[in-house]
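Trainee: Now for the letters of each chain:
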Amino acid sequence: MRTFLLKRLPSALLVLLLASFLVFLILRLIPGDPATSLAGPDAGPAAVSAIRAQLGLDRPLFGQYLHWLGQLLTGDLGPSYAIGGQVADLITDGLGATAQLTAAALLLVVLIALPLGVLGATARRRPVGAAVRAFTTAVLAVPPFVTGVLLVLLFAVTLGLLPAGGHESLLDAPDLALQYLLLPAVCLALPSAAVLARYLTDGIERALAEDYVRTATAVGVSRRRIVWRHALPNALPSAVTVLGLQIGHLVAGAVLVERIFAWPGLGQLVEQGVLRRDYPVVQDLLLLIVAVYVTVQLLTDLVYAWLDPRIRWE
Amino acid sequence: MTASTPPPSATTATAATTAAATPAAAAAAAAGHPGAGAPPRTVLKVTDLTVGFDGTTAVDGVGFELAAGDTLGLVGESGSGKSTTALALLRMLPAGGRITGGSVELDGQDLAALPEPALRALRGRRIAMVFQDPMSSLNPVLTVGRQLDEALRAHGAHPDRRERAARAVELLDLVGIPDAAGRLRDHPHRFSGGQRQRIMIALALANDAEVLVADEPTTALDPTVQRQILDLLTRINRRTGTALVVISHDLGVIARTCRRLLVMRHGKVVESGTTAELLGAPQHPYTRQLLAAVPRLETPSGAAANSVPGPEPLLTVTGLRKTYGSRRRAVTALDGVDLELHPGETLGLVGESGSGKSTLARALVQVHAPSGGAIRFRGEEFGRGGERTARREVQLVFQDPYSSLNPRMTAGQIVAEPLIAHGLGDRAARAKRVAELLEQVGLDPASADRHPRAFSGGQRQRIGIARALAPEPSVLICDEPVSALDVSVQAQVLDLLARLQRDLGLAILFIAHDLAVVRQVSHRIAVLHGGRIVETGPADRVVTAPEHPYTAELLAAVPRLDPAPVPALTSRSTV
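Going down the list, the sequences are from chains G and H.
Per this note's numbering: the first sequence = residues 781 to 1094.
Per this note's numbering: the second sequence = residues -5 to 569.
In isolation and in its complexed conformation, chain G is listed as follows (with noise of 0.2 Å):
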């Protein structure tokens, strides 16, 4: 395993510097400059221009692009633009929560698929089986934004079980945290469950059609258990595939769902640093969001190669 974390490293290195480039060029492309909106609209030329040396953004691009990596090396991110403060705080701030709800999201999507998805593949001709077709493609189709504004009518508004948003620390109250925590990861992880739970019952499909399942078969084994313990674990490498895939959606997903329910997330900071041209947050957050992508499809390999035998760690 460490010499496959070692040969894989270096190409894992090489897609977060060439991200890097790719973020820093993007941003410039945007048109408007945070100088421009800094200033304010009725600022002259000059003052725009002072501040554009304050912030040093009239030094040349490849000399401004050294520059933030250099910061990102020595882990020194330096302060925001526009949003004040240091932007290592303010990722810090807003990291806890987001993270809160993915993971929330997290489970939850293999919590839904996995039983969604056995059950789809083994009450195929039943009406349990359409209804759940009918269910994971319904989720499919409506976007987040719809979902979440439904889950707060029916559980906040008309059922008054749940809080509409808001955000409480696991620390201090968990019971309350939990609360406010369920509708965001809800919302957050149904698409993911929806398209994992297709896969996963495809899979199974895949597997129960196998001579090995009609090996168990004719030893007597029950039906239940193959399914479960022989066609099920031939299903999961791909399927886990698929949830690394999704752990993009996720984080993604978290920018506009914490946007609904209020969540003190970075889903918030991107939004403003976008708005108000800051640099130097934005740039870190689509980083930060690259590394854990990068991350994570290290660890799916990982994790297929340990649920696959016939693959190896190389």
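Hint data in this document are derived by calculation from the structure and do not stem from the laboratory.
One thing to keep in mind: the hints can contain errors.
Claimed, not checked - Quick list of simulated restraints, FRET-style, between CB atoms:
no.	chain 1	residue 1	chain 2	residue 2	range
1	G	Glu985	H	Gly419	32 to 38 Å
2	H	Ala175	G	Leu849	55 to 61 Å
3	H	Thr50	G	Thr917	55 to 61 Å
4	H	Asn400	G	Leu796	42 to 48 Å
5	G	Arg1004	H	Gly55	25 to 31 Å
6	H	Asn400	G	Leu809	35 to 41 Å
7	G	Leu875	H	Arg447	56 to 62 Å
8	H	Thr218	G	Glu985	37 to 43 Å
9	H	Pro111	G	Leu875	34 to 40 Å
10	G	Val1054	H	Ala363	51 to 57 Å
All values derive from a computational prediction rather than experimental measurement.
Quick reminder that beta carbons are idealized off the backbone N, C-alpha and C, glycines included.
Starting from the structure of chain G, add chain H where the hints point.
Mentor: For chain H alone, coordinates are given in the frame of chain G:
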């Protein structure tokens, strides 16, 4: 049908079976089991079994009785209903199949009428099954230990996990897996094909079933491995008294393992009796026809009468090497192969899986570049001009007539494809040539617009041959061209190849594992072993007086039709 004394032939059985039989037979005699007088109990009684598939009848009124410890063979060609019969015994028919009549009585209990949960309790415990393809019949992501554990716990006989593990080791040991305890944690891909089939047998034996149904248990295996597996089945039958039902298309396999024989055709039993009777004096015309079609090792080569090879070699291979994989863990598939193929000659190439047969074929048709050595065609070396003429003149016929034809293309399109690829003729000329080729291989030219699924296996192989003939080759590389076909169809395809050689002066490299077939069609035989040619010589000489010990070993493994080692009835004891 008494088994008081073993028939005389049993005394001449192979050393392995005799050794294994002795203790059990002695124990049985001492315990006064059947075998010492009383007629043996019937364990399985199939009466008028009928199986339907969406309206068509696949098995039509099959009936037989199986005594405890007896061995019964079911033989027939594809579509005869033999495998469907086997699956119907455990009521494990694929979707769409249903037992529409008759009964399968296991000790008086009708399996055909039993509810599913009760049936599940019997599967593996009273009646077990071994399937054809050991590569796909074991779960790739579960360890062998886990799979044995699953079989053992399925019937709750061993509640303790450690006890089950011990029993699993015992079972692997019984079927001859070396270092059984150490291998429980290995996954199936770490075992060879033969070992996997042994593990399948261990799974089937896990709960001491009285009846073991083996559906084509050795079809996917090499002859020497096939022999070992058949010996194992016989040994288990002798030692534990488990009654065997062996389903096979290969009469040699049945002759080796079964005391009684059932010949099936179109879902019906056409003839039954003891194996010795049926092979010695077949009554039904179909049985006679089936026996006549089986290629026999004793039949001398018919190649010389068919065509006379030219003096100058057409294709010359010298010191051919091929390695796969990275530098650090290279696998050598071909290790200095020398061959010559003359015009109008058939060179038989035999060897087991992994010997490099298919690698050689691929190198000759330039799918793989060799790692070393040289191939010359008409005196010109590959890489120096020879490869260009060879690309058109050396053509390949594939093994599997099912997967080697694109199901979305018509027969005509398939045959025309090489013509298009080599830029031969315009549309009208191609259509004319396709009709000509189909006629040449014995197919109706009017069938050119039909898709492969509309053809039988033998007809599909004819399409494959027509495709290979399209660019007017001088060399045909046939990679196991008849091993996927029934014996009667096999004979027709072999006749076709002989006729084509006679008419067109083709040189044929005939790659196969069946030595009887190879002797029949070849002028010379080359034996490939571990990437090297260990022996080359005239076909008849190689078979009758092999020079290399490996050739002798291959010859010894060929199942014969003489029903010499007919196993005697044995009484039952648990393993």
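Trainee: I want to verify a distance hint. Is the separation of the beta carbons of H:Thr50 and G:Thr917 within 55 to 61 Å?
Mentor: violated (37 Å)
Trainee: State, for the Cβ atoms of H:Ala175 and G:Leu849, whether the hinted interval 55 to 61 Å holds or is violated.
Mentor: holds (56 Å)
Trainee: Given a hinted range of 42 to 48 Å, is it respected by the beta-carbon distance of H:Asn400 and G:Leu796?
Mentor: Since H:Asn400 and G:Leu796 have Cβ atoms about 44 Å apart, the given range 42 to 48 Å holds.
Trainee: Given the range 37 to 43 Å, decide if the beta-carbon distance of H:Thr218 to G:Glu985 lies inside it.
Mentor: holds (38 Å)
Trainee: Measuring from beta carbon to beta carbon, are G:Arg1004 and H:Gly55 in 25 to 31 Å?
Mentor: For G:Arg1004 and H:Gly55 the Cβ distance comes to about 36 Å; the hint is violated.
Trainee: Is it true that G:Leu875 and H:Arg447 lie within 56 to 62 Å of each other by Cβ?
Mentor: holds (59 Å)
Trainee: With 35 to 41 Å as the target window, see if H:Asn400 and G:Leu809 comply at their CB atoms.
Mentor: violated (47 Å)
Trainee: With 51 to 57 Å as the target window, see if G:Val1054 and H:Ala363 comply at their CB atoms.
Mentor: Distance hint for G:Val1054, H:Ala363 holds at roughly 54 Å.
Trainee: I want to verify a distance hint. Is the separation of the beta carbons of H:Pro111 and G:Leu875 within 34 to 40 Å?
Mentor: violated (54 Å)
Trainee: Taking 32 to 38 Å as the hint, is the beta-carbon distance of G:Glu985 and H:Gly419 inside that range?
Mentor: violated (47 Å)
Comparing the model with each numbered hint stated earlier shows that hints 1, 3, 5, 6, 9 do not hold.
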